[in-house]
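Single-letter residue listing:
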Amino acid sequence: MTIEAAVPESVLLRWARAEGMAQIEQYRRAGGYDAARRAATEMTADQVIEIVAASGLRGKGGAGFPTAQKWKFIPRAGPVKYVVVNGDEGEPGTFKDRTLIEGCPHLLVEGTLIAAVTIGARRAYIYLRREYHRARRLLEAAIAQARQAGFVGERIFGSEHTVEIVVHTGAGAYIAGEETALLESLEGRRAMPRQRPPFPAQAGLYQRPTLVQNVETLCHLPVIISLGPDRYKALGPPALFSVSGAVNRPGVYEAPLGISLRSLIFGHAGGMPPGRRFKAAFPGGISSVFLTEADLDVKMDHDSLRQAGTMLGSAAVIVVDDSLDMVEVMARAVEFYRDESCGKCTPCREGTAWIAQVLERILCGRGRVEDLALIESIAAGMTGTCFCPLGESVPPGLVASLRLFRGEYERRIAQGEARAV
Amino acid sequence: MTQAARDEIRRLIGLYEHRQSALLPALFVAQQEEGCLSPAALGLVAETLDLPVTEVTSVASFYGLFFLEPAGRHVVHVCTNLSCMLNGCQRVLGRMQEVLGIRPGETTPDGRFSLRTAECLGACDEAPSVLIDEDRWAAVKPEDVEPMLDRYG
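Chains as they are written, first to last, in this note's numbering: chain R, 7 to 427; chain S, 340 to 492.
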């Protein structure tokens, strides 16, 4: 029940919150680019990978895959390899990557350089969602400054390494955040997921070995190298949480991985606004299964949340209060998936459309008692049958809402029937 | 398409090792230039990138930020995802519709504004969030709508 204090030492947000970090002089004065310089000139690839492995860093985009392990999958040999940065931050409720880039674009440039010199990629593409105009302008300016300083381009930091960085923008498609769909999009095609295997580490961009990494994941690298893995780990390890919805102070918070959901919501984010009552919270964006009041003391880390039947995902906490009922929440979520389904596989394309239609009918007061069983059967038909995680993330939350908030569905159906009589 | 636009597309091609990677950025150049991706504009992009026009059209029609029909000079996106919904985006959207006299998906008769709803804009700390062209507006209240729109001629 206790609310933990804020993290004593902020190591990531400190960069994004400091003044003037879009300017390379300021960033360097604070120690910036030192980790990338060391990675390019003093350290071997094995040493960097060892440090990252010891830090325990896991991907921050949603899947939580151990970063060092991903790097080891990239073949050592081979003339052409790529780093692709996933900045298509689209999971509803997530805004940490935008906060990092807008606050300190050089941190991402530096992290990208570290990854590129380690796996031996001469080219990195940063795929940024189109709506992030400000982030794009700042990032492009930062790359130009870094190029001027000799940190991007040929023989960076005077080393043997050449790293070019290109910013590429999406065009409004949530599915492009899925790594293989992102590669398709970067190749100029419809953002539709690819069959795996082969994994991007073997055959990614242009069928070459490709390291796809989330923005925040890369931003951790300079911090890990400069602090060392032990100090980094002792800080939690640190993680960024986007907290929004019905809270007093929505924002990005840095806290140790494993902080309680209660501390994030009622400590960092200042609790509920006056007169509003907690109903549920999504711990990892709307693709995660929501938690209720009974779960507030759950630890916000991969394993604890999996045990609680949900996931950390992109660590985006959306707090829902009693101003909405769960039918409205789920209808909005399913409508989102319906619109963003790429249409490649039938269960997702049709399943999201059918469920959205049934939920819409219930919201309009034309629901029928048998609709709840109908939703459950469509959800069952989508489970384990969708091509990628987009469709697969629909059934668990929906089924949980039918279990925990069935009364809210039944009330709407009953009210509709009463009006019809 | 102007020479400047064609040159810009050629510059974009140079950023990638495969020509088709320049398609999305090239489509934005054409859209900026022509106001929307008309069949003629799609044809020009296809020609410049040496791609089949069917492929270019297929890709353009997949993404939400490409306009195949004429759009207004300014495009207003009102985020309607969950965090904005919990912070009153429906009232903002309602006020937008009142002031502009159009519904989401429509363009004002004078061609000044197109109104669209948006999925999460990644600005939930600023909910309700509105994007007008490239400007993000934070914590928008219904009474902010009119003065906000006045700034876009």
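Just so you know, these hints were derived from the structure itself, not from any lab.
Don't take every hint at face value.
Unchecked claim - Beta-carbon label-pair distances, calculated as ranges:
id, chain 1, residue 1, chain 2, residue 2, range
1, R, Lys78, S, Asp449, 33 to 39 Å
2, S, Gly433, R, Ala147, 46 to 52 Å
3, R, Ala379, S, Pro409, 41 to 47 Å
4, S, Asp449, R, Pro81, 56 to 62 Å
5, S, Gly433, R, Thr298, 55 to 61 Å
6, S, Gly433, R, Arg153, 44 to 50 Å
7, R, Gly349, S, Asp449, 33 to 39 Å
8, R, Ala51, S, Val392, 40 to 46 Å
Where is the CB? At the ideal position from N, CA and C, for every residue including glycine.
Results for each hint:
| no. | hint | verdict |
| --- | --- | --- |
| 1 | Lys78/R with Asp449/S: 33 to 39 Å | violated (59 Å) |
| 2 | Gly433/S with Ala147/R: 46 to 52 Å | violated (38 Å) |
| 3 | Ala379/R with Pro409/S: 41 to 47 Å | holds (46 Å) |
| 4 | Asp449/S with Pro81/R: 56 to 62 Å | holds (58 Å) |
| 5 | Gly433/S with Thr298/R: 55 to 61 Å | violated (31 Å) |
| 6 | Gly433/S with Arg153/R: 44 to 50 Å | holds (47 Å) |
| 7 | Gly349/R with Asp449/S: 33 to 39 Å | holds (35 Å) |
| 8 | Ala51/R with Val392/S: 40 to 46 Å | holds (45 Å) |
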